[in-house]
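Trainee: Residue numbers for the sequence shown follow my numbering, beginning at 4 and rising by one.
Quick caveat, the hints were computed from the structure, so don't treat them as lab data.
Check each hint, because a few of them may be wrong.
To be verified - Listed next, with one range per pair, are the computed distances between beta-carbon atoms:
| # | residue 1 | residue 2 | range |
| --- | --- | --- | --- |
| 1 | 108 | 59 | 15 to 25 Å |
| 2 | 84 | 11 | 36 to 46 Å |
| 3 | 88 | 5 | 31 to 41 Å |
| 4 | 32 | 85 | 20 to 30 Å |
| 5 | 31 | 56 | 33 to 43 Å |
| 6 | 29 | 5 | 34 to 44 Å |
Every residue, glycine too, gets a C-beta built ideally from N, C-alpha and C.
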Amino acid sequence: MKASLFLLIAIVGEVIGTTFLNLSEGFTNVPFTVLMFIFFAISFTSLTVALKVIPLSIAYSVWAGLGTAGAGIIGVFLFNEHLSAVNIAGLCVIILGVVIMNIQPKNKTENAQ
């Protein structure tokens, strides 16, 4: 559970960091650039902690997938970007992929009970 919390913090930090990356205007806006570095540091530090428990293939897929979806959603609502039906379908496929990656088969002892 603790590892999942760190993974969630990593995802949120990555989405916020990416938002500040866009607002930094190519690193010319210093306050947003500093905030970007801070949130990316939080993201990578939290991901590192999560990787102590969660396998790399799962943690990185979830982090990258939900980070991508989160950035797309932020783009629409904060930066007035337009997503086509194909873009929306792609985001849904990413989220579905994350869900599928996290489906755990039931343990044999759980099935016996």
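Trainee: Evaluate each hint against the coordinates.
Mentor: Hints, verified against the model:
no.: 1; hint: 108 to 59: 15 to 25 Å; in the structure: holds, 19 Å
no.: 2; hint: 84 to 11: 36 to 46 Å; in the structure: violated, 24 Å
no.: 3; hint: 88 to 5: 31 to 41 Å; in the structure: holds, 39 Å
no.: 4; hint: 32 to 85: 20 to 30 Å; in the structure: holds, 24 Å
no.: 5; hint: 31 to 56: 33 to 43 Å; in the structure: holds, 39 Å
no.: 6; hint: 29 to 5: 34 to 44 Å; in the structure: holds, 37 Å
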